[in-house]
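Given the coordinates of chain G, assemble chain Y onto it according to the supplied hints.
There are 2 protein chains.
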Amino acid sequence: MNVQPALVPPHSTIVTSEEIFDDPTSVAAIIDHTLLKPDASRSAILELCAEATDARFASVCVNPFWVAAARDALAGSTVRVCTVIGFPLGVNGLRAKLREAELALDEGAGELDMVQNLGALKSGDFGIVRGEIGAIAELAHSRGALVKVILETSLLSQEEITLSCRLAAEAHADFVKTSTGFSSAGATADNVRLMRSVVGPSIGVKASGGIRSLADLRTMIEAGANRIGTSSGMKILRELSTAVRANESRQEHMNGY
Amino acid sequence: MNVQPALVPPHSTIVTSEEIFDDPTSVAAIIDHTLLKPDASRSAILELCAEATDARFASVCVNPFWVAAARDALAGSTVRVCTVIGFPLGVNGLRAKLREAELALDEGAGELDMVQNLGALKSGDFGIVRGEIGAIAELAHSRGALVKVILETSLLSQEEITLSCRLAAEAHADFVKTSTGFSSAGATADNVRLMRSVVGPSIGVKASGGIRSLADLRTMIEAGANRIGTSSGMKILRELSTAVRANESRQEHMNGY
Chain G
1 MNVQPALVPP HSTIVTSEEI FDDPTSVAAI IDHTLLKPDA SRSAILELCA EATDARFASV
61 CVNPFWVAAA RDALAGSTVR VCTVIGFPLG VNGLRAKLRE AELALDEGAG ELDMVQNLGA
121 LKSGDFGIVR GEIGAIAELA HSRGALVKVI LETSLLSQEE ITLSCRLAAE AHADFVKTST
181 GFSSAGATAD NVRLMRSVVG PSIGVKASGG IRSLADLRTM IEAGANRIGT SSGMKILREL
241 STAVRANESR QEHMNGY
Chain Y
1 MNVQPALVPP HSTIVTSEEI FDDPTSVAAI IDHTLLKPDA SRSAILELCA EATDARFASV
61 CVNPFWVAAA RDALAGSTVR VCTVIGFPLG VNGLRAKLRE AELALDEGAG ELDMVQNLGA
121 LKSGDFGIVR GEIGAIAELA HSRGALVKVI LETSLLSQEE ITLSCRLAAE AHADFVKTST
181 GFSSAGATAD NVRLMRSVVG PSIGVKASGG IRSLADLRTM IEAGANRIGT SSGMKILREL
241 STAVRANESR QEHMNGY
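Those protein sequence lines, which keep their order, are chains G and Y. Each residue of the first sequence is one higher than the one before, starting from 1 at the first, in this note's numbering. Each residue of the second sequence is one higher than the one before, starting from 1 at the first, in this note's numbering.
Please note: incorrect hints may appear among the correct ones.
Note: identical chains are not told apart, hence a pair may lie in one copy or across any two.
Claimed, not checked - 35 Å max Cα-Cα, derived DSBU-like pairs, lysine-lysine: (1) K122 x K235; (2) K235 x K37; (3) K122 x K37.
Simulated from the structure, these hints should not be mistaken for lab results.
Bound-form chain G, shown alone (with noise of 0.2 Å):
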C-alpha cells in the first residue's frame, strides 16, 4: 500500500508567522483538515478529501474506518491521510491500539495521532505511557508514517504536560498534539507553548481543537504550532485569501502615492 509523498514542511520545522501568512498554499500545507463527527456519512468524508486536494492541506484527519476510502480519494494528489488511534480516551490498552495502527497503515494512513494513556499516566505508571507510544511510534516509522501523540491538556496540570511532553520525546514521537476535540477544551496558546519550551525545535507541535478562524490559527503559530488540526480549514482560507487581498489593494493604494 503506497503512502502518499509529503509536500507538507517537514515536522520538525518552527514555522513563522512571516514566513506563512503571505502565502495562502503555505497556511493550507500546515492544516490537518479533520473530520472526526462519528455520524459522518461517507458523501461527508469524500467532500472532505476534494477539498483538501484542492486546497492542498498537510492531511485529511479522519476516523480508522474511513481510511480507506480516503485514501483511494487522495490517489495522485499531496494530501496524506491521517488517522486517530485510541481514539478519543486513550485507554483501550497498547495491543488494541497496535492492532488499530497496524491496520490504518496497511489501509494507507501516513500520519497516526494517537492519544496518549491518561489512566496510567494519573496512576503514576510512566512506563506504560511510554511504552505505548515507543511500540506505535516504532511501528509507524517502519513504514514510514508520522505518530503525534495527543496529550488531551484539558485534564493536565501544567507539570502533567510537561511530563507528558517528555515521555513522548523519550518514545521518539514524531509531533506531540494538544486535544482531541471531544474534551472538556481544546488548544490554548499558554499549553502550546509550554509544550514547545518543553520539546524544543526538533518534535513538532500541533494545535487542535477549537481552532476555527485564521486568528486562532495565527495565534497557535505565534506560540510553537506548526501543525494546525481544524474543521475549519476551508474558511480560514477564505479569511485568509481576503486578507491578502486587502492587504495587496491595500499595498497598490500605498504605491499610488
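Here is chain Y on its own, set in the frame of chain G:
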C-alpha cells in the same frame, strides 16, 4: 480466564417497578456501575470495584485498559466486568473492534458494550453495521459473554433508532443500549420506550447517559429498560434506602392506628 457467573436477572427479563423497588439489592442487580472517564486512575477503578462488590451491582463498566485490574479486584464476587468496544465513536472498523473484544474477553470481560458503526449507518451501509455486531456477538457468545450495542440515540432520528434496533436484533445482540455518555445527550424515556417496542421482550434494553437519581432510574425502568448504566449507582442506592425506610416507618405508623 474465568468469567464471573451472573446473578443478575437474565438479559431478556423485563423488570417492573413493583418487582424491584421494594428491595435495594434487586435495584443494584440491574445497574452497571460505570467509570469511563479517560483520566480515571487505578485507585478510582479499584474503589469502583469495591463499591460494586459491596452493593452487588450487575457489573463494573470500565475502559479496556482496566479490565484485568477489575477482574482481579472482583475475584470471588458476583460482579461481572463490563467493558466498551470501539468507544465512544464506533468508527474504528470491524477488525480493530474484534481485536479489542478478543483482548477484553481474554482478560476477563463478561459483557461487551460496543458502539455501532454510525458512519456506516448514516451512509446507508446497513450490512456493515449488522456485520460488525454479528462478528462481535459471535465471538462474545462463544466465550459466554454478552454484547450490548450502543446506538448513540442523540445522533439518530426515530427511524434510525428503529432500524438500529432491528440490525442489532438480526445480529443476535443481547441488549440495545441508548448512549455512550460522551455525546450531546443521554437516555430519554421516549427513546427507551421506542427501543423496547422494536426489540420486544427477548432482547435487553440498557438505558445510559445522564441517569443520576432514583427518579431517573425509575423513569427508565418504567419506559422498558432492564439494565441501567450510571456513575451514580451509590447515590441511587442511598436514595433508595432512604425511600424504603420512609415507607417502612409510614407503614408502622399506619399499623399503629
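Going through the hints against the structure:
Taking the closest pair of Cα atoms, K122 and K235 come within 35 Å of each other only across two copies (25 Å); inside a single copy the shortest separation is 37 Å, beyond that limit. For a Cα distance limit of 35 Å, the shortest separation of K235 from K37 qualifies both inside one copy, at 18 Å, and across copies, at 33 Å. In this assembly of identical chains, K122 and K37 lie within 35 Å of each other by CA distance both inside one copy and across copies; the values are 27 Å within and 12 Å between.
Every hint from the earlier list agrees with this structure, and none is contradicted.
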